[in-house]
Amino acid sequence: MIFLDDVTFGYGKRPVLQNATLKIAADERVAILGGSGEGKTTILKLVLRLIRPDSGRVSIDGTDITEMAEEELREIRRKFSIVFQEGALFDSLSVKENVAFCLREFSKMTEEQIDAKVRELLRVVGVEAAINLMPDELSGGMHRRVAIARSLAAFEPKMFLYDEATTGLDPVNAERICHLINELCKEGTGLIIVTHKVIDALRVAGRFLFLLNGRIVFDGNKDALLGSDNPAIVEFLNEFRYEVK
Amino acid sequence: MSIDFKRAVDELQEYYILSVKGLLGIFRRPFYGKDFIEQMDYSGVGSLLIVCLVSLFIGMALSLQLAAELSVMGLKMYTGKVVGISIIREIGPVAAGLVFAGRVGAGMASELGLMILGHQVDSLRVFGVDPIKKLVTPRLLSSIVMLPALTIIGDAAALLGAYYIAVFVSNQSSYVYWTSIEHVLTFQNVFSGIAKPFVFGFIISSISCYMGLSTYGGAVGLRRSTTRAVVYSIVMIIIADFVLTRILLYALGFSV
Ligand SMILES: Nc1ncnc2c1ncn2[C@@H]1O[C@H](COP(=O)(O)OP(=O)(O)OP(=O)(O)O)[C@@H](O)[C@H]1O
Ligand SMILES: [Mg+2]
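If you're matching them up, the sequences are chains A and B in order.
Okay, so the first sequence: first residue is 0 according to numbering that gives the first Met the number 0, each after it adds one.
Okay, so the second sequence: first residue is 0 according to numbering that gives the first Met the number 0, each after it adds one.
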């Protein structure tokens, strides 16, 4: 479904991603691992064509979107649901209005229908009580949940993208979010989770990518990841091994 | 140097595209009426008090200066006329514009900048909402509507301040003051005073939106775009004021 073909991207002169080639099928569950600033978020932004690659091509479902205009991209982006790194809730709107945003924008629902739908979505993610709060009154975990609820309201996504959905959360909350992610990702839909917490990646994904210095240096399943002898990956996994012991 | 020049041209082009698209958004669906109302409230109603305050004191200071100078020549009764012309044609619009740039320009740039940094604008794009129509058009339109309104109210405050000084400090006749103001309120004077804030409102909001939306690089980046929004707005207002004055004087048949 997703095909990045020899993509290079940089901000200004500084390269972030170099000659990345990546194919992800529609029902795959992929985790993108790597240290801070290695370009993990950049990959997600490229997939949604929020940024344009300097060279190489990006295709979604066989459609080349590298040069597509913003209006045409709308249809493509509807196939995805994304939760950004910080949740990215609209901070001028209440929790309810955040979740209702797409419903108001694109559907002809009545006020009661919207209200019911919002409550239902918030119940799914388990923060129904926060419906009338503003985003800056939420804790980190609640913030992510509301963001997930908002992304669900949009459309029926074929693939879920999560950018650091569990970063900065306590272990209990992180586990809950992973559980939620697993539940939402039904048969036939795929997901990409970007994280630097190995334990959360193992909880939800079956395929692992490792980014280092702007290159994808590892691509394989769990066993291959845990058995890898690449020193950077070994070091990356150390913390996780320590936790497990 | 050559690279900087290219960047400047690129930025100018982006700015141009943004402001044209933002303006065209007024005529194309969907319309974001709620955002427009909210922006009018923020930029217009929110700036009312400070515009009045600034204009009032400018009017008083101006009146004081002129009364002092004119009374030396025994021409004190012309205070109203000179004050009126300067305020309506020149000082009122510029003062309101500068206050607006400081308050609303900085506000717009920092709000949009924060939305960029927090991926809120990216979220809009993913949802299929055009950020220019949703964010820029309401801001442009509300500034174009509200700054002229603020200018008129500010002018009134300045004229009142000037009146206070002329009549109660400089002991002039209140009747003479208001009649000279009345004589000053000709079509030419009022038109050249009212035409300016439309342009200023557009300049301030388009520059501030552009600066806000081109924010990058965290808190330092936010500081840079907010500062640039205010500085560029102020400089452009002053320059535009000169150009407009030249054009308007010519168009309205004044000889210099
Ligand atoms: N808007 C921007 N302008 C300039 N440089 C940027 C911008 N966004 C990101 N970068 C740079 O690009 C590089 C990759 O950024 P990216 O956000 O993809 O990293 P990441 O792997 O997601 O890191 P993190 O784990 O901290 O979120 C970083 O070094 C960052 O400094
Ligand atoms: Mg990131």
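Read the hints as simulated data drawn from the structure, not as lab findings.
Any given hint could be a false lead.
Restraint-style ranges between C-beta atoms, simulated for each label pair [unchecked claim]:
1) Ile-50/A - Arg-27/B: 23 to 29 Å
2) Phe-105/A - Val-19/B: 55 to 61 Å
3) Arg-73/A - Tyr-249/B: 27 to 33 Å
4) Leu-92/A - Ser-173/B: 48 to 54 Å
List of simulated lysine-lysine pairs, BS3-like, C-alpha gap at most 25 Å [claimed, not checked]:
5) Lys-5/B - Lys-12/A
6) Lys-20/B - Lys-95/A
7) Lys-157/A - Lys-221/A
8) Lys-78/A - Lys-116/A
9) Lys-5/B - Lys-95/A
10) Lys-95/A - Lys-116/A
11) Lys-33/B - Lys-44/A
12) Lys-5/B - Lys-116/A
13) Lys-107/A - Lys-95/A
14) Lys-78/A - Lys-133/B
15) Lys-5/B - Lys-107/A
16) Lys-221/A - Lys-185/A
17) Lys-5/B - Lys-157/A
18) Lys-22/A - Lys-95/A
19) Lys-12/A - Lys-107/A
20) Lys-33/B - Lys-20/B
21) Lys-133/B - Lys-44/A
22) Lys-221/A - Lys-22/A
23) Lys-133/B - Lys-116/A
These figures come from a predicted structure and were not determined experimentally.
Ideal placement from N, C-alpha and C gives every residue a C-beta, glycine not left out.
Hints that the structure is at odds with (numbers, increasing): Of the numbered hints, 2, 3, 6, 9, 11, 12, 15, 17, 18 and 19 do not hold.
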